[in-house]
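Whole structure, please, built from the sequences with the hints as guidance.
Residue numbers (our numbering), protein chains in the order written: chain A, 2 to 339; chain B, 2 to 339; chain C, 2 to 339; chain D, 2 to 339.
No lab work stands behind these hints: they were computed from the structure.
None of these values were measured; they are calculated from a predicted model.
Don't take every hint at face value.
Identical copies carry no separate label here, and so any pair may be met within one copy or between two of them.
No more than 27 Å apart at the CA atoms, straight line, and that leaves these computed lysine-lysine pairs for DSSO-like [unchecked claim]:
| no. | residue 1 | residue 2 |
| --- | --- | --- |
| 1 | Lys320 | Lys21 |
| 2 | Lys320 | Lys12 |
| 3 | Lys217 | Lys62 |
| 4 | Lys48 | Lys62 |
| 5 | Lys330 | Lys91 |
| 6 | Lys320 | Lys62 |
| 7 | Lys7 | Lys28 |
| 8 | Lys83 | Lys48 |
| 9 | Lys9 | Lys320 |
| 10 | Lys9 | Lys28 |
There are 4 protein chains.
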Amino acid sequence: MIIVIKPKATKEQIDHIMEKVKGLGLKPWLSEGVERSIIGVIGEEDKLRVVPLEGMAGVEKVIPILKPFKLASLDYRSVPTKVDIGNGLKVGGDRLIVMAGPCSVETKEGLLDLARKVKKAGATVLRGGAFKPRTSPYAFQGLGEEGLEYLAEARDKTGLLIITELMDIRTIGKVLEYADIIQIGARNMQNFDLLKEVGKTRKPVFLKRGIASTLKEFLMSAEYVLSGGNPDVILCERGIRTFETFTRNTLDLNAVPALKSLTHLPVVVDPSHGTGRWGMVTAMSRAAVAAGCDGLMVEVHPNPEEAYSDGDQSLLPEKFENLMKECRKVAEAVGRTM
Amino acid sequence: MIIVIKPKATKEQIDHIMEKVKGLGLKPWLSEGVERSIIGVIGEEDKLRVVPLEGMAGVEKVIPILKPFKLASLDYRSVPTKVDIGNGLKVGGDRLIVMAGPCSVETKEGLLDLARKVKKAGATVLRGGAFKPRTSPYAFQGLGEEGLEYLAEARDKTGLLIITELMDIRTIGKVLEYADIIQIGARNMQNFDLLKEVGKTRKPVFLKRGIASTLKEFLMSAEYVLSGGNPDVILCERGIRTFETFTRNTLDLNAVPALKSLTHLPVVVDPSHGTGRWGMVTAMSRAAVAAGCDGLMVEVHPNPEEAYSDGDQSLLPEKFENLMKECRKVAEAVGRTM
Amino acid sequence: MIIVIKPKATKEQIDHIMEKVKGLGLKPWLSEGVERSIIGVIGEEDKLRVVPLEGMAGVEKVIPILKPFKLASLDYRSVPTKVDIGNGLKVGGDRLIVMAGPCSVETKEGLLDLARKVKKAGATVLRGGAFKPRTSPYAFQGLGEEGLEYLAEARDKTGLLIITELMDIRTIGKVLEYADIIQIGARNMQNFDLLKEVGKTRKPVFLKRGIASTLKEFLMSAEYVLSGGNPDVILCERGIRTFETFTRNTLDLNAVPALKSLTHLPVVVDPSHGTGRWGMVTAMSRAAVAAGCDGLMVEVHPNPEEAYSDGDQSLLPEKFENLMKECRKVAEAVGRTM
Amino acid sequence: MIIVIKPKATKEQIDHIMEKVKGLGLKPWLSEGVERSIIGVIGEEDKLRVVPLEGMAGVEKVIPILKPFKLASLDYRSVPTKVDIGNGLKVGGDRLIVMAGPCSVETKEGLLDLARKVKKAGATVLRGGAFKPRTSPYAFQGLGEEGLEYLAEARDKTGLLIITELMDIRTIGKVLEYADIIQIGARNMQNFDLLKEVGKTRKPVFLKRGIASTLKEFLMSAEYVLSGGNPDVILCERGIRTFETFTRNTLDLNAVPALKSLTHLPVVVDPSHGTGRWGMVTAMSRAAVAAGCDGLMVEVHPNPEEAYSDGDQSLLPEKFENLMKECRKVAEAVGRTM
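Next up, the structure:
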């Protein structure tokens, strides 16, 4: 931690800050310059992070040196984590994992048919929402437990793994019972009580980045899960909110190499939410693969015109098949399989 | 709803769209222009809002005409709502309501002493977090129910009303038992299950705007509460996230007159989170009052240096007293009391 | 400057960085910690700022300590600068200066009539664009020199000072000939060649903040003018671009107290561009005054429906008169006159 | 154009709006609904775009139907434009064009040596700044005309084409004399006078997107050049400003397929500014190619530690060679050459 002192701070103020730091069992050193003096503090930065040093008299600003996340960092673990999701599949290895399916689970037959198609195209995980976070209280809110049952049946009949979103702590038991991977949506990335609960489970957690969350905050949310004892976190970049309105979100592919430089956790990309337009999903899937991601999550619907939600960004099964073909070539070009 | 047709759409595509709209019991009319044709739809726009028209062949874009919120809108209710919070106080009338107190409840004595001071300065509601949403799992997470008890005791001894944050549905019973006003934090503005639950209660709900939420989304979240049957929603602007990093957030005071032009619900401003710097809180409180807000929420701490959270943006009691004096003058200048 | 070293940096890498710094005539000191080592550099930070230290092997990040602006900073000059604009008026003193007028100069008679009205209401500076920056090449581009002549005539007949925008270096002679204050628009805030040219003049420069410029960048642009030898810079907050689309821009009133904590230069607010809606201009003008600004720039038009540009955000003269009345009360409440 | 009428608008207000539209020679039709009435206007939307309809009494909002750009749109020209840059090279065809070189031109020998290296690796255009836009007036401002001469000499000796930035209209003659492609930097994307001047030339214009510019504004700036008579515009996505601070900018690769759906102009990506970190440049170059761009602009420096500017994001020549190898594979995977 570096504490920058104001040019006109008094000796008393500086002494007071030094005492404050020492009182926490830390060793500060004062370095006096012509234009500014600074106090450096070596040691457990966490102790200081909670002290409102910036509010103290004589302090101009406080600069943390260490990263606030530990278990998620490359310093803690320098080899990539491969998250075992079942069926012998791992997210984070040479093979990219593709999760595909409808935004919302709607009908049993429709889901089953679609599951067969996405499997044939090469997906290994079926996505589908049973509990849906909707901006409007008047919009379709998901089938609830019935949706979970349909997903389970699709798994039984196709051998696909299933991923679905957990929104409400009260349904965690149900979701754990049915899902192979638990999704935490972008709107819940900082629902800390929910993070703590999934941290207590041993199911892989698929954590979506909040629309206005920095990479640091994203990793702090992963840290909530990891520090709860669950090591299996998959990060998902799904677009951030910017001033641009032509696309639903701005897919931040910088996040892929950036996260790889900060953490050992695998990174999946969701180009459906990242663009909000089905016509752009294939191009951005290729880009995500080329950027080095470990998997894709793609919305596919047998009849997007009839979808209860997110139809604008859902691909027809045949277009998804084409996406898979194109992405496989890019995966090979970057030394991966898919 | 206006559906803009692509320049090269075929007759079949246009007919298909017309049929789709008619199939929902609505009456579309086609208007053919030289450069673009459009389909207008009069009637219940909600039916169409869930149909992914933008994904249909031949459609260039879809433009909603009606606002997505109803109960929250001025169309629904054209007189300002005054939310009765108890003690004969109403948020939304001529008198501005000031909520003040520490970020987190820490000690019983400290809270009580502070409560007396903020009351003396003119606050009528005591704020204080018992359950705290913290970016880091290693940071102080609040005293929990003990914190609620301290708040209740402070109420008993001072006559102040109390407001505290509800984060987790499982603690709603406890929070309802103790609090006069339930706060929903910025990170939970789109925690829809939580909104539904507080919509079922009859306690005033203090809804903070999410850091990346548009005003429309903000009002849709209010709509969740209102449509659940609870008419007592107080909106709170507390700063949004922008590219500027000098301040913790960018306080969007435009939101005050903008919300007043859209909704009948009262609007409170939180300049503490909106700036993140105690040295700016008084100036921005004055500005908020001048902009026409219905109240303020301000963080005050007896010794900000020792605060467990948000010390950088907390005011000393004497500075808060000064804030009250300055804001009272501005309130008078705009025809209000405080 | 603090250079944070990577955990696994080699001794050679660290030595190389130390040599690099010494080679610039600076004195680095190495502080080795358990989790991170850092190199501190006391002295002329400018020398280092241009060296790409972050790209060097072994470096994790580089943290500047000093502010990049000098002449604009409170360290350089701790008393507020009062910019003398003529007619005995100063921007930055107790009295707030109000600049009002049309977005574009359109007709001579219209301008003259309006000038008389805004003067009567209390404005002391007439604003009006002769050269207009327009997003579309097909939109009205301003009257050019003819517009400057109309402004000059309005000054002669009313005694108002005039401010107009300089867009193109080639017209600087003309603008200097006619204007009392030279406006640099938001889109040109980082047109460095233009800044250098106005830095060479002795006319007051009214510098608008770019829509995506940080306060630091804003002050660096002021520094261009100041370092050219022109001490008379007036800063203008006019709204920034965020994700919110209900308003044209997000007026960042935090900038007022923030700039006051960083610089001695006066700060004016433009609520017309800051909101983009005439119905919000009065409320936000009051808020700006309460926040502590030194003046307002407001768009007024005799018939906004017929304005060639920015009609949506222009006030009718009678509404402007009302704005002045309301703001005067707020100014008094905060100890200023207007 | 759709004009949405307020629920309580009077008949007089509606008539007044209808008259206004008719007065412009357009044909409005009124469609009265239960919740809202709307006025549709078929025809030349440009005439209406300049009328401040939103400020008129009775108007709730105004919704444009047509795109504001014409010559840049796919409606105007549905086949991709291939910009001939000389040497038989075209930007916009099957072959991707790579522009590489230092941020600033520094020494003649260094530039020449680097030019040879980037040519050997596969670049066909040499980039280098002679006039540099720098945030600080104290930073290196470029060699000016001397830099242009070095570039020309490098062209003579290597056969590479050269691209360099034009910042100031007064130097346009010099830049035209030396450069094969004129670059307009991000900060000047809305320097409309500069755009008009390059619109009068017949040199290809390389237009960088402003850091806070929407795609629509970007295309409007291209429209300035096109409407001036110069058809050879190359668009460049180089990162936008968002709340994320880990990277210098957020590279918006969505812009690639989005622009391809809106315009016939070629799109180049600059991953150096788009990330600000050399360690991420190769990954994001691969991603840009996979997204479908028509070329890359990459900063390369023989010794980034010694670069006068942008050293943090510059690649060593050997790393650039590797980038070319990796990108070539991805280009092949998407059916292009490089």
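Each hint tested on the structure:
1. Lys320 - Lys21: For Lys320 and Lys21, the Cα distance is within 27 Å only across copies (23 Å; inside one copy 62 Å).
2. Lys320 - Lys12: Intra 70 Å, inter 24 Å, cutoff 27 Å: inter-copy only.
3. Lys217 - Lys62: both (20 Å within a copy, 15 Å between copies)
4. Lys48 - Lys62: Intra 17 Å, inter 22 Å, cutoff 27 Å: intra and inter.
5. Lys330 - Lys91: both (21 Å within a copy, 26 Å between copies)
6. Lys320 - Lys62: Result: close only across copies, 21 Å inter versus 53 Å intra.
7. Lys7 - Lys28: The answer is both: 21 Å in one copy and 21 Å across copies each meet 27 Å.
8. Lys83 - Lys48: Neither: 32 Å inside a chain and 44 Å across chains, both beyond 27 Å.
9. Lys9 - Lys320: This pair counts as between: shortest inter-copy Cα distance 22 Å, intra-copy 66 Å.
10. Lys9 - Lys28: Both: 24 Å inside a chain and 23 Å across chains, each within 27 Å.
Hint check: a violation occurs at hint 8 only; the rest are consistent with the structure.
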